[in-house]
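First to last, the sequence lines map onto chains A and B.
First residue of the first sequence: 301, per our numbering; consecutive thereafter.
First residue of the second sequence: 301, per our numbering; consecutive thereafter.
It cannot be assumed that every hint is accurate.
Which copy? The list can't say, so a pair holds if one copy fits it or any two copies do.
[Stated by the list, open to error] Below 25 Å or equal to it, Euclidean Cα-Cα: the simulated BS3-like pairs (lysine-lysine) are:
hint, residue 1, residue 2
1, Lys477, Lys420
2, Lys670, Lys425
3, Lys329, Lys402
4, Lys420, Lys402
5, Lys425, Lys535
Calculated from the structure, these hints are not laboratory results.
Number of protein chains: 2
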Amino acid sequence: MVEKFVVTPWEVSGKVDYDKLVEQFGTQKITDPMLKRMEKVAGELHFMLRRKIFFSHRDFDWILNRYEAGEKFFLYTGRGPSGHTTLGHLVPWIFTAWLQKKFGVELYFQMTDDEKYLIKDMTTKQTTAFAYENALDVLACGMDPKKTHIFTNLEYGKTIYKQAVEIAKHVTFSTAKAVFGFENSSNIGIVFFPAVQAVPCFLPSVQAGRNIPCLIPAAIDQDPYWRISRDTAPKMGFYKPAQIHCKFLPGLGPEGKMSASDPASAIFTTDTPQQIEKKIMNAFTGQQPTKELQRKLGGNPDICSVCQYYYFLFEQDDRKLAEIFAGERSGTLLAGEHKADLAERVKRFMAEHQKRREKAKKVLDKVMLKD
Amino acid sequence: MVEKFVVTPWEVSGKVDYDKLVEQFGTQKITDPMLKRMEKVAGELHFMLRRKIFFSHRDFDWILNRYEAGEKFFLYTGRGPSGHTTLGHLVPWIFTAWLQKKFGVELYFQMTDDEKYLIKDMTTKQTTAFAYENALDVLACGMDPKKTHIFTNLEYGKTIYKQAVEIAKHVTFSTAKAVFGFENSSNIGIVFFPAVQAVPCFLPSVQAGRNIPCLIPAAIDQDPYWRISRDTAPKMGFYKPAQIHCKFLPGLGPEGKMSASDPASAIFTTDTPQQIEKKIMNAFTGQQPTKELQRKLGGNPDICSVCQYYYFLFEQDDRKLAEIFAGERSGTLLAGEHKADLAERVKRFMAEHQKRREKAKKVLDKVMLKD
Numbered sequence: 301m302v303e304k305f306v307v308t309p310w311e312v313s314g315k316v317d318y319d320k321l322v323e324q325f326g327t328q329k330i331t332d333p334m335l336k337r338m339e340k341v342a343g344e345l346h347f348m349l350r351r352k353i354f355f356s357h358r359d360f361d362w363i364l365n366r367y368e369a370g371e372k373f374f375l376y377t378g379r380g381p382s383g384h385t386t387l388g389h390l391v392p393w394i395f396t397a398w399l400q401k402k403f404g405v406e407l408y409f410q411m412t413d414d415e416k417y418l419i420k421d422m423t424t425k426q427t428t429a430f431a432y433e434n435a436l437d438v439l440a441c442g443m444d445p446k447k448t449h450i451f452t453n454l455e456y457g458k459t460i461y462k463q464a465v466e467i468a469k470h471v472t473f474s475t476a477k478a479v480f481g482f483e484n485s486s487n488i489g490i491v492f493f494p495a496v497q498a499v500p501c502f503l504p505s506v507q508a509g510r511n512i513p514c515l516i517p518a519a520i521d522q523d524p525y526w527r528i529s530r531d532t533a534p535k536m537g538f539y540k541p542a543q544i545h546c547k548f549l550p551g552l553g554p555e556g557k558m559s560a561s562d563p564a565s566a567i568f569t570t571d572t573p574q575q576i577e578k579k580i581m582n583a584f585t586g587q588q589p590t591k592e593l594q595r596k597l598g599g600n601p602d603i604c605s606v607c608q609y610y611y612f613l614f615e616q617d618d619r620k621l622a623e624i625f626a627g628e629r630s631g632t633l634l635a636g637e638h639k640a641d642l643a644e645r646v647k648r649f650m651a652e653h654q655k656r657r658e659k660a661k662k663v664l665d666k667v668m669l670k671d
Numbered sequence: 301m302v303e304k305f306v307v308t309p310w311e312v313s314g315k316v317d318y319d320k321l322v323e324q325f326g327t328q329k330i331t332d333p334m335l336k337r338m339e340k341v342a343g344e345l346h347f348m349l350r351r352k353i354f355f356s357h358r359d360f361d362w363i364l365n366r367y368e369a370g371e372k373f374f375l376y377t378g379r380g381p382s383g384h385t386t387l388g389h390l391v392p393w394i395f396t397a398w399l400q401k402k403f404g405v406e407l408y409f410q411m412t413d414d415e416k417y418l419i420k421d422m423t424t425k426q427t428t429a430f431a432y433e434n435a436l437d438v439l440a441c442g443m444d445p446k447k448t449h450i451f452t453n454l455e456y457g458k459t460i461y462k463q464a465v466e467i468a469k470h471v472t473f474s475t476a477k478a479v480f481g482f483e484n485s486s487n488i489g490i491v492f493f494p495a496v497q498a499v500p501c502f503l504p505s506v507q508a509g510r511n512i513p514c515l516i517p518a519a520i521d522q523d524p525y526w527r528i529s530r531d532t533a534p535k536m537g538f539y540k541p542a543q544i545h546c547k548f549l550p551g552l553g554p555e556g557k558m559s560a561s562d563p564a565s566a567i568f569t570t571d572t573p574q575q576i577e578k579k580i581m582n583a584f585t586g587q588q589p590t591k592e593l594q595r596k597l598g599g600n601p602d603i604c605s606v607c608q609y610y611y612f613l614f615e616q617d618d619r620k621l622a623e624i625f626a627g628e629r630s631g632t633l634l635a636g637e638h639k640a641d642l643a644e645r646v647k648r649f650m651a652e653h654q655k656r657r658e659k660a661k662k663v664l665d666k667v668m669l670k671d
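So here's chain A without its partners, still in its complex pose (with noise of 0.2 Å):
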């Protein structure tokens, strides 16, 4: 049975065949030698990158070439606030803070208020409210205040505007329509939206006044956005921005992944110890229904919401997160302490993060940028 998967910018669901979406999506896979040249750089290899959660890139090697030469690149991503920030936003931006900090660059963070606006049942006062709650999670993931850039797409706008037009002039609508699958009944603000999310592509060379070289990390159902961009960036006399790509972190139902709209299946930053650990204790997990079955034929890592979590933030340890997906796999490792440990974690986890957050607050006027 073929199993069917949808991954846009505004749908991913399925259980997802990454390897499929490199070759739909036309991107190059992270190679080992990619990887031992990364840490050669870095002086050493995120996990992440490690475990291939990045796993996908379009001119990673470029960026290192540069940056070996001695030309530094700026990272760019992104939010859409529509809600609070879960686990699976952060995944992307721990690896980013990682990045900036190893490569000493500049970050700009584009909060989409204008795009959820424009596509939710939500207003713009809604949209521009959950941009600033979630650049205290940005923040809160370790990112330098002195280097780091975020604004809200509404209130960034006369500078957004301007480059927007400068790009939507090189963008047609079949263009947009055939990356996006727009429909005639699609509004005309979601239609000039990707000239919007390919400017900080652009802008710190367009200020600089020179060619800066931009890395976008960033969850591959984004990267239509970038195709656009690098459909522009010739004719408008700029690089065109690399990106690397990650994995969706699943949400703790059967499959697909962590969703702030289906509020069971995520946990937020905002959740209390208590809420965590319900969520956590409801989880799905690759086990058997019983414990007896369990100890008997064994359970799945590799479908286990629990297995995974610790897979993607949770035990950064290879040999330790090894023996947790022998436990599940062999059945030594039984549902209520594997989930009991994992809901330990993330409750610490969080009461740290929850602490760089309320942090986060002191510098956050300092950080966004307005016009």
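Fit chain B to the given chain A structure using the hints.
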């Protein structure tokens, strides 16, 4: 023979049949009882109303109702800054200045430097620069600087983009396509633009926190934009903008509106007296090919660009205008004298206009809205 003509926001060609246009666009003709009412409210009747140069409207009677009930409206009009200002542009602006004075109302004036960049072979630097040139002419028409707010979409971009996004959510691609004839090859900036042009219809209401009626004086080719605004208004809780439409000042050639893209067909406010003289002396008239034939057969003032210039701008006295038309028709007025007289008037007018244009430079900074 049916003469073909085209009137869209981007093209006016052929001999325009204004009755047919009213029918096609679904607007209302301005009636004599409406003019009587206007005269009573304003204390006098502008010659452009008396002559039905402003000939069509949407809800202008409603504006008068609200005004008589004590509710002030605001005026909104604009300009696509793709070149210097022509006499044709001045027609609605002179009338707008009269409306502003008679009703004591605010004027919002949009310079669409974004639109012109998107559809012309021009840079944003060029279109924004022309916006500033054109703004001097707007003020030279006699606008009250204290009640006039001019802005370019790119320089007032934060405010404009935010409100355009609010509007765009309610406008589908198919609606925009139907109204403007967009195609798949249209760029996504121009597809978004109808939302941008709708912004000033509602902006003063948004900023005041209460509904304020809007009256748009403009040439009839701009009508499609306001159809989008009028469709959207009730969805957003705003009044529909009312409109009053004028005819086009003919070019100096045989037919069509004065066009800034054909420099010989139009007189610019930056022209020297020599240039003005030369253009008018080369103008198309409704006269016979020779003096002898003109004396014998007479000419046709309705197709004579010189007569039309008197009609639209340079002879406000109806009795004197009738004499000029009669002279052309009977053959007593010969082309050389006819054109030389007009050239004198236009040069005199322009000398005064250019003085006011110079003075306007002193107040421009205070009048321009930026964010």
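Status of the hints after comparison with the structure:
For a Cα distance limit of 25 Å, the shortest separation of Lys477 from Lys420 qualifies both inside one copy, at 19 Å, and across copies, at 23 Å. In the homo-oligomer, the alpha carbons of Lys670 and Lys425 lie at most 25 Å apart both inside one protomer (16 Å) and across protomers (22 Å), since each shortest distance falls under that limit. Proximity of Lys329 to Lys402 under the C-alpha cut-off of 25 Å is restricted to the intra-copy arrangement: shortest distance 22 Å within a copy versus 70 Å between copies. For a Cα distance limit of 25 Å, the shortest separation of Lys420 from Lys402 qualifies neither inside one copy, at 37 Å, nor across copies, at 45 Å.
Taking the shortest Cα distances, Lys425 and Lys535 sit within 25 Å of each other only across copies (18 Å), while inside one copy they are farther apart (36 Å).
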